[in-house]
Amino acid sequence: MEKLNVLVCDDDTAIVDALEIYLKYENYGVVKAYTGIQALKALSEHKIHLVLLDIMMPDLDGLSTTIKIREEFNIPIIILSAKSEDTDKITGLNFGADDYVTKPFNPLELMARVKSQMRRYTALGSLVSNSKILKTGSLELDPEAKELRVDGEIIKLTPTEYGIMLFLMKNPGHVFSTEQIYEHVWNEPSYSAENTVPVHIRRIREKIEINPKEPKYLKVVWGIGYKIEKY
Amino acid sequence: MDTKLKNIKYSTGAKTAAFIVVWLCVMCVFGSGMFLLYNHSIISSKSYYDTYKFKTEFNILLHNIVELKVKLKSEESIKSSGETEDVLKNNLQRYYDLEKQITNTVNFAYYIKNTQTGETITNVTKTDALALIQKQPSAVYYNQLTYEPDYPFGGDIKQLLTGTPYEVYAAVIEPLKQGDVFYDDFMTYSKTKTIATYVNVLLVTTIILMILAFIYLVVVTGRQEGGEITIPFVDRIYTDVYSVLVFIAALMSLAIARSISFHHDLVGLYVLALVFGIDVLIGLSYILSMIRQIKSKQVIKNTLIYIIFDLCFNGRAFKAWTLLLLLGYGALNGILFAMVRSGHFLLSLFAVFLLVAFNIAAIYFSAKSLLSLSQIMKAVKEISTGNIDYVLDKSEISVAFSGFAENIQSIQGGLKKAVAEAIKGERMKTDLIANVSHDLKTPLTSIINYVDLLKKEDLNSEKAKEYLSILEEKSARLKQLIEDLIEASKASSGNLAIEAEKVDLHELVMQACGEYEEKINKAELDVHINTADKNILISADGKHMWRIIENLLSNVVKYSLPHTRVYINIAKNDLYGLLIIKNIAASPLDIPPEQLTERFVRGDASRTTEGSGLGLSIAQSLTNIQGGRFKIEIDGDLFKVIIEIPLWSEK
Numbered sequence: 000m001e002k003l004n005v006l007v008c009d010d011d012t013a014i015v016d017a018l019e020i021y022l023k024y025e026n027y028g029v030v031k032a033y034t035g036i037q038a039l040k041a042l043s044e045h046k047i048h049l050v051l052l053d054i055m056m057p058d059l060d061g062l063s064t065t066i067k068i069r070e071e072f073n074i075p076i077i078i079l080s081a082k083s084e085d086t087d088k089i090t091g092l093n094f095g096a097d098d099y100v101t102k103p104f105n106p107l108e109l110m111a112r113v114k115s116q117m118r119r120y121t122a123l124g125s126l127v128s129n130s131k132i133l134k135t136g137s138l139e140l141d142p143e144a145k146e147l148r149v150d151g152e153i154i155k156l157t158p159t160e161y162g163i164m165l166f167l168m169k170n171p172g173h174v175f176s177t178e179q180i181y182e183h184v185w186n187e188p189s190y191s192a193e194n195t196v197p198v199h200i201r202r203i204r205e206k207i208e209i210n211p212k213e214p215k216y217l218k219v220v221w222g223i224g225y226k227i228e229k230y
Numbered sequence: 000m001d002t003k004l005k006n007i008k009y010s011t012g013a014k015t016a017a018f019i020v021v022w023l024c025v026m027c028v029f030g031s032g033m034f035l036l037y038n039h040s041i042i043s044s045k046s047y048y049d050t051y052k053f054k055t056e057f058n059i060l061l062h063n064i065v066e067l068k069v070k071l072k073s074e075e076s077i078k079s080s081g082e083t084e085d086v087l088k089n090n091l092q093r094y095y096d097l098e099k100q101i102t103n104t105v106n107f108a109y110y111i112k113n114t115q116t117g118e119t120i121t122n123v124t125k126t127d128a129l130a131l132i133q134k135q136p137s138a139v140y141y142n143q144l145t146y147e148p149d150y151p152f153g154g155d156i157k158q159l160l161t162g163t164p165y166e167v168y169a170a171v172i173e174p175l176k177q178g179d180v181f182y183d184d185f186m187t188y189s190k191t192k193t194i195a196t197y198v199n200v201l202l203v204t205t206i207i208l209m210i211l212a213f214i215y216l217v218v219v220t221g222r223q224e225g226g227e228i229t230i231p232f233v234d235r236i237y238t239d240v241y242s243v244l245v246f247i248a249a250l251m252s253l254a255i256a257r258s259i260s261f262h263h264d265l266v267g268l269y270v271l272a273l274v275f276g277i278d279v280l281i282g283l284s285y286i287l288s289m290i291r292q293i294k295s296k297q298v299i300k301n302t303l304i305y306i307i308f309d310l311c312f313n314g315r316a317f318k319a320w321t322l323l324l325l326l327g328y329g330a331l332n333g334i335l336f337a338m339v340r341s342g343h344f345l346l347s348l349f350a351v352f353l354l355v356a357f358n359i360a361a362i363y364f365s366a367k368s369l370l371s372l373s374q375i376m377k378a379v380k381e382i383s384t385g386n387i388d389y390v391l392d393k394s395e396i397s398v399a400f401s402g403f404a405e406n407i408q409s410i411q412g413g414l415k416k417a418v419a420e421a422i423k424g425e426r427m428k429t430d431l432i433a434n435v436s437h438d439l440k441t442p443l444t445s446i447i448n449y450v451d452l453l454k455k456e457d458l459n460s461e462k463a464k465e466y467l468s469i470l471e472e473k474s475a476r477l478k479q480l481i482e483d484l485i486e487a488s489k490a491s492s493g494n495l496a497i498e499a500e501k502v503d504l505h506e507l508v509m510q511a512c513g514e515y516e517e518k519i520n521k522a523e524l525d526v527h528i529n530t531a532d533k534n535i536l537i538s539a540d541g542k543h544m545w546r547i548i549e550n551l552l553s554n555v556v557k558y559s560l561p562h563t564r565v566y567i568n569i570a571k572n573d574l575y576g577l578l579i580i581k582n583i584a585a586s587p588l589d590i591p592p593e594q595l596t597e598r599f600v601r602g603d604a605s606r607t608t609e610g611s612g613l614g615l616s617i618a619q620s621l622t623n624i625q626g627g628r629f630k631i632e633i634d635g636d637l638f639k640v641i642i643e644i645p646l647w648s649e650k
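Read top to bottom, the protein sequences are chains A and B. Each residue of the first sequence is one higher than the last, beginning at 0 in numbering that gives the first Met the number 0. Each residue of the second sequence is one higher than the last, beginning at 0 in numbering that gives the first Met the number 0.
Treat the hints loosely; a few may be bogus.
[As the list claims (entries may be wrong)] DSS-like mimics (lysine-lysine), calculated; alpha carbons at most 27 Å apart, straight line: (1) B:Lys473 <-> A:Lys82; (2) B:Lys521 <-> A:Lys218; (3) A:Lys212 <-> B:Lys518; (4) B:Lys454 <-> A:Lys212; (5) B:Lys473 <-> A:Lys212; (6) A:Lys23 <-> B:Lys478; (7) B:Lys542 <-> A:Lys226; (8) A:Lys114 <-> B:Lys454; (9) A:Lys215 <-> B:Lys542; (10) A:Lys88 <-> B:Lys489; (11) B:Lys542 <-> A:Lys82; (12) B:Lys501 <-> A:Lys212; (13) B:Lys455 <-> A:Lys23; (14) A:Lys218 <-> B:Lys533; (15) B:Lys112 <-> B:Lys99; (16) A:Lys82 <-> B:Lys428; (17) A:Lys206 <-> B:Lys518; (18) A:Lys212 <-> B:Lys455; (19) A:Lys155 <-> B:Lys518; (20) B:Lys428 <-> A:Lys88; (21) A:Lys88 <-> B:Lys501; (22) B:Lys501 <-> A:Lys215; (23) B:Lys542 <-> A:Lys88; (24) A:Lys82 <-> B:Lys423; (25) A:Lys88 <-> B:Lys423; (26) A:Lys206 <-> B:Lys455; (27) A:Lys218 <-> B:Lys542; (28) A:Lys114 <-> B:Lys478.
[As the list claims (entries may be wrong)] Here are some, though not all, of the chain B residues that point toward chain A, as calculated from beta-carbon distances under 7 Å: (29) His437; (30) Ile447; (31) Lys478; (32) Glu506; (33) Cys512; (34) Glu516; (35) Trp545.
Simulated from the structure, these hints should not be mistaken for laboratory data. For each residue, glycine too, the CB sits at the ideal point set by N, CA and C.
The shape of chain A in the complex, shown without the other chains (with noise of 0.2 Å):
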């Protein structure tokens, strides 16, 4: 199998070091650029599968460089930054990047970020089609296997996660409170659930979440209820 190429652009020598390093154990091939004018050149030499990019960078930003490798290519792009404020993040997702981590991130949940990021490309159109698949981003499940898959990988969940994620993968966006997911799952009026589906729901998220503080399909709507995302 080909090697994957990772490009790593940041105008910190010390960051793009340590992720060559990191990358490398994964068995990742890295190009290092400093500069998004650097980053844009690597792209026409190299074959590169995935961009791990800076925002803040001298000549050209990270912003403007998405932009520019969006007109040729549809290789995922994860933005690396400093800039935590929700509203960053929305402007880097519009502009087209698939993925943005905040600085300081954990080296690992990036690694995490940047297997699923290039599962998801590399393995795009090898799915067999299935339509009684409950299937939203790359999170899949399969009523008939008793099966959910994240990034194609099977996650182990006991009976009652399954149920509760049974019930909401039918209904993709649509909030539940706590007390309708303890009656459907449950199938018992929720006297004193206290908080036994809310604990549920966390252990589901440490199972099928990255970074289960910040969920990408499991979601909590606060003093509302829980949803799973629909992409």
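On the provided structure of chain A, position chain B as indicated by the hints.
Relative to the frame of chain A, chain B by itself:
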């Protein structure tokens, strides 16, 4: 030396002395002027014989002598004249009187000659009587054709001589001897002449002295020792009022002078002098006061009229203005009403018309003024409720309130400026924290990464591993601190978007406890949730609410005594949804509750435990920006947080 001179120049003593000098001089000038005027004829005459008084005395005497010697002649000639008894008796009486008068004079000499008979009548004993008389400077000559026209009664004498052959020579014989009226008059004359020369000198001297002293007073008045201008109390009296008072005083003294001038006695003169002296005193101080006012440039400003106008039309005290208006309004209405009642038909009709028109105009203008006032009040209300951009339409404001409106506008301007500056400052502060945090995050990324990489290397030393774990822990802490710092600065500056939704407080607490279940178990705490009402809906931003509860639960987990119970109560009152969290602190809390929500204050003074010290501060700020209230109570080891968030209401 100079300053000493100056001090003397401006000293009160010198000024008082000058004042007295001026007063004395004026009195003196007046007195001597009066004297000179009174003795005008004496002073302007060349000699005693030129004086009117002498001429009068002289001619009266001459007339009597001529009457006696020419007309009456003697007792026998009167008796033999054949007149009626009455005339006879009268003439006889006249004869005796004249005889008596003539004997009283010592210095008078006459020479009457009958040109037909050559007979002469004279009182001169010497032989050359005629020559002696003609030699005198006072000599006169009369006959039926000739007389001295500038002597009083000259014509009368001439009339006596008409139709007679007599001619008359008369004179006062020099040197004058004591014993008659001429001698006395002459002595008075000589005395007056001598005094007059002195009085003239006195007059000139006092005039010069008066002018000098007055100029000095004009220069120094109002200036203190040192030269600065000071205004004595008397100048506080309004200039116009002062002028009127002085004028009245002058009129009064004129009236007094008039009533006195009819009594030509010494007492009257003294009273007159006294009144005049007081007048001069008043006048002088009035002039000096005016000069001081001119010097301090407040002649006009210090008038009562000016002050009234100023009060009325500069809008400083519109109460006074209103009062005047009311007075004017009442007075005019009264006059018009009186005209209506006058009985004259045309006048009444005219007055009724005026009365109606005037009252309509008055109502119109007061309504307009009140409208202006209500507009200003509206603007003030708008501004006070926070709408500082409210525009007060100045074209609608009447003149009386325009000053007021301007003041309101300038207050508004100041407020706007202050608010803008406060916002700018707060934003700068937030920006600064955001920028600094950003610059801290980049190197921190490398630290975290390389610490992690180092962990993966083969480290033989146990100590190296221990050190590394400390580095890892502290860098994670640093990361948390920076994030909290940004959050705290945003929350406290209100630089945070709030998307208020309908939030179920019970659901929220359930969710939060679910998130914290593991940590609570680990801290060996027993959480009891008491819900009074399961349907408490609050108006809040769910994310911010989660952040608040997260911070509080994080504190509970960190600082609670293990194996104790934590109570979370959910309730509501009329306006707020209540969330109360109670736990038992592991170590004594020696800090007042108010201080705990200050930034970077932590329950443990040693700061050994993890945490930024920003948790409660953030929770409080977030509660406040959502319109809620945040309160901490400490009772021994019981730590209690009460959060009130506005209830949801369907609008």
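**Asked** Among all the numbered hints in the text so far, which are the ones the structure does not match?
**Response** The structure breaks none of the hints.
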